[in-house]
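Those protein sequences? They're chains A and B, same order as listed.
Residues in the first sequence are numbered from 0 upward in steps of one, following numbering that gives the first Met the number 0.
Residues in the second sequence are numbered from 0 upward in steps of one, following numbering that gives the first Met the number 0.
It is worth saying that the hints were derived from the structure and are not from the lab.
In this text the structure is predicted, and so the values were computed from the model without any measurement.
Treat the hints loosely; a few may be bogus.
For chains that are exact copies, the list does not tell them apart, and a pair is met inside one copy or across any two.
Once the Cα atoms are required to be at most 25 Å apart in a straight line, the calculated DSS-like pairs of lysine-lysine come out as [to be verified]: (1) 95 with 317; (2) 106 with 10; (3) 52 with 317; (4) 102 with 52; (5) 57 with 2; (6) 94 with 2.
There are 2 protein chains.
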Amino acid sequence: MKKLSELGERKAIRLVSDILSKGDVAVGIGDDCAAFEFGEKYLLVSTDMISQKAHMPKEMTPFQLGWFIVAINLSDIAAKGGEPLGLVLSFGLPKKTSEVFLKDLTKGADACATVFDTTIVGGDMKETSEIIICGTVVGVVNKDEFMPRKGASPGDIIAVTGTLGKAGAGHYNLKNKILDNDLSKQLLEPTPKIKEGRILAKQKCVTSCMDISDGLSSSLYQLQDVNNVGFEINLNSIPISSSLIQLHQKQTNLNIYNMALHFGGDYELLVIIPPRNFKKVKEELKKNDSDLISIGKTTSKKEIIIMDGNVKKTLENKGYEHFINHIF
Amino acid sequence: MKKLSELGERKAIRLVSDILSKGDVAVGIGDDCAAFEFGEKYLLVSTDMISQKAHMPKEMTPFQLGWFIVAINLSDIAAKGGEPLGLVLSFGLPKKTSEVFLKDLTKGADACATVFDTTIVGGDMKETSEIIICGTVVGVVNKDEFMPRKGASPGDIIAVTGTLGKAGAGHYNLKNKILDNDLSKQLLEPTPKIKEGRILAKQKCVTSCMDISDGLSSSLYQLQDVNNVGFEINLNSIPISSSLIQLHQKQTNLNIYNMALHFGGDYELLVIIPPRNFKKVKEELKKNDSDLISIGKTTSKKEIIIMDGNVKKTLENKGYEHFINHIF
Chain A
0 MKKLSELGER
10 KAIRLVSDIL
20 SKGDVAVGIG
30 DDCAAFEFGE
40 KYLLVSTDMI
50 SQKAHMPKEM
60 TPFQLGWFIV
70 AINLSDIAAK
80 GGEPLGLVLS
90 FGLPKKTSEV
100 FLKDLTKGAD
110 ACATVFDTTI
120 VGGDMKETSE
130 IIICGTVVGV
140 VNKDEFMPRK
150 GASPGDIIAV
160 TGTLGKAGAG
170 HYNLKNKILD
180 NDLSKQLLEP
190 TPKIKEGRIL
200 AKQKCVTSCM
210 DISDGLSSSL
220 YQLQDVNNVG
230 FEINLNSIPI
240 SSSLIQLHQK
250 QTNLNIYNMA
260 LHFGGDYELL
270 VIIPPRNFKK
280 VKEELKKNDS
290 DLISIGKTTS
300 KKEIIIMDGN
310 VKKTLENKGY
320 EHFINHIF
Chain B
0 MKKLSELGER
10 KAIRLVSDIL
20 SKGDVAVGIG
30 DDCAAFEFGE
40 KYLLVSTDMI
50 SQKAHMPKEM
60 TPFQLGWFIV
70 AINLSDIAAK
80 GGEPLGLVLS
90 FGLPKKTSEV
100 FLKDLTKGAD
110 ACATVFDTTI
120 VGGDMKETSE
130 IIICGTVVGV
140 VNKDEFMPRK
150 GASPGDIIAV
160 TGTLGKAGAG
170 HYNLKNKILD
180 NDLSKQLLEP
190 TPKIKEGRIL
200 AKQKCVTSCM
210 DISDGLSSSL
220 YQLQDVNNVG
230 FEINLNSIPI
240 SSSLIQLHQK
250 QTNLNIYNMA
260 LHFGGDYELL
270 VIIPPRNFKK
280 VKEELKKNDS
290 DLISIGKTTS
300 KKEIIIMDGN
310 VKKTLENKGY
320 EHFINHIF
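Modelling step: build the complete structure from the supplied sequences, incorporating the hints.
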């Protein structure tokens, strides 16, 4: 009898999905959010759980933990082009948890919700052995603005909304203390791309979108599961975060491309868009202090390729997977 | 510095609630569901987390665990008179968890969702030290049918939708094996009162409603927190479940009223309703094989009284509270 440690997170999720009855839902399991028909709009729902074991380095403050659970939930709404209506949070906490910890946790969650113009409207609190936080976000998006995972065609542009490697650099510096400055903030207090998601959605031309929470390579493999296309990524086009470059100057043996390709936690949006729309959409984002950086194109052959100059290789799927990998 | 074990669940929730910014939400923290304005309707959202430590006796099967998390979430929608749209579930599982466990857990969740005409539309899965399941339900209700916690007036009737002590009898029998039959089913596979909630809501006369998940005494104290009334309960009017009576015949030292008043897990609705509407509403429920049983009345003095014949006592608040009590 197989155990989850052999099965891995994604096969386990497929097993669950195969058992569940399919109801009257516009978008179900396998996208960043589920979507219900709601008049002219879709009602979006998404949930994320984080555990001490998998997500919380000992350096993470309770404020950051609160920020983090709200940010990663909002990121799923961002990836569908939605506006958040509100969140509910469940805190599973050991009984020895202090009142101060709970206050700071709550302040962090509230701060992130407030920055992104939404509210925590309810929750639950239970006693657990380790810290477990579960958040659920609800949001809305006009039907014609919804950005699904499924929809890419060959010849589309693959793009990202910002630099990669921020979280990887933060994590590496946290573990190895190479630089004095606080790179860990980019890992522990991520920014959900709500503003960018809304701008992209309003252009009504994004054919496929998801967030890069599990790393670029893992995200591309997940997109390929639902799209009948291949992906060709240009290694030299990948925007590397300045923090990773800075770290690399001190630690030259670091493989910055590996970190940018495979390390999760950057929470940028991975956007597939027809070439004819790219320039205009990039300009719209630029006007709002954001960006859209082309990193490759979709192809008709179902493979995921990384081009390093003229050298063509299959991009390995080395992103984080629960039950199999451990980061902290 | 206080710990949660000293603070208790309800003070901890108040602490969280005091910190959180209040946004643009029709009903926020402190009711069974949060409610958002959504055209002519309210969008309802509620979340519940269960942990191995607090909710899962070793006799509970994975199928029952799946059923349970869906049932207790649906119960919150029932208490507001709503119809469920769908649920998301997050599974926190140890890596040694078997594939069969995950399948049975999912089948139980799906079975409960299907029986109550709804669907599990998404979720998350993470590695944890102990089993933690978090569910979030979304639902809808017409604004004029919403049954809030706050709204009771003096002179209203206090009623319940069914017998109490089912879960208590199930738990006692599970621990002490007095009877051969499977009383634990009532504890481990509760029935959310979705049908009863809808019938009550359509009458548009319920002034206050919540589910009795934490026990009758605890529920009354929670209702009193938000209503400027007192409660007078008639001990002899409390409908005792046949399973508890049956258990009492074998185990005569059992205090059945204590179990019916204080033990959580019955998931009936606690309904406050003006006397002039009571008969008609009861008839409507009767027509649909349900019931509404009067157990007392609201008063203008802010106290909670239990009348045992002519003997008047304050009803103690002895319901379950996380971080302080342990059942299993």
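Intra/inter-copy verdict for residue 102 and residue 52 if alpha-carbon distance must be at most 25 Å: This pair counts as both: shortest intra-copy Cα distance 22 Å, inter-copy 24 Å.
Checking residue 106 and residue 10: alpha-carbon separation at most 25 Å within a copy, between copies, both or neither? between (36 Å within a copy, 17 Å between copies)
First find the shortest C-alpha distance between residue 95 and residue 317 inside one copy, then the shortest across copies, and answer within, between, both or neither for a cut-off of 25 Å. between (37 Å within a copy, 22 Å between copies)
For residue 52 and residue 317, with the copy left unspecified, which applies at a CA distance of at most 25 Å: within, between, both, or neither? within (20 Å within a copy, 35 Å between copies)
With identical chains, the pair residue 94 and residue 2 could be close in the same copy or across copies; at 25 Å between alpha carbons, which is it: within, between, both, or neither? So residue 94 and residue 2 pass the 25 Å test across copies only (7 Å; inside, 30 Å).
Checking an output row: residue 57 and residue 2, CA cutoff 25 Å. Within, between, both or neither? Classified as between; 20 Å across copies, 28 Å inside a copy.
Checked against the numbered hints given earlier, this structure breaks none of them.
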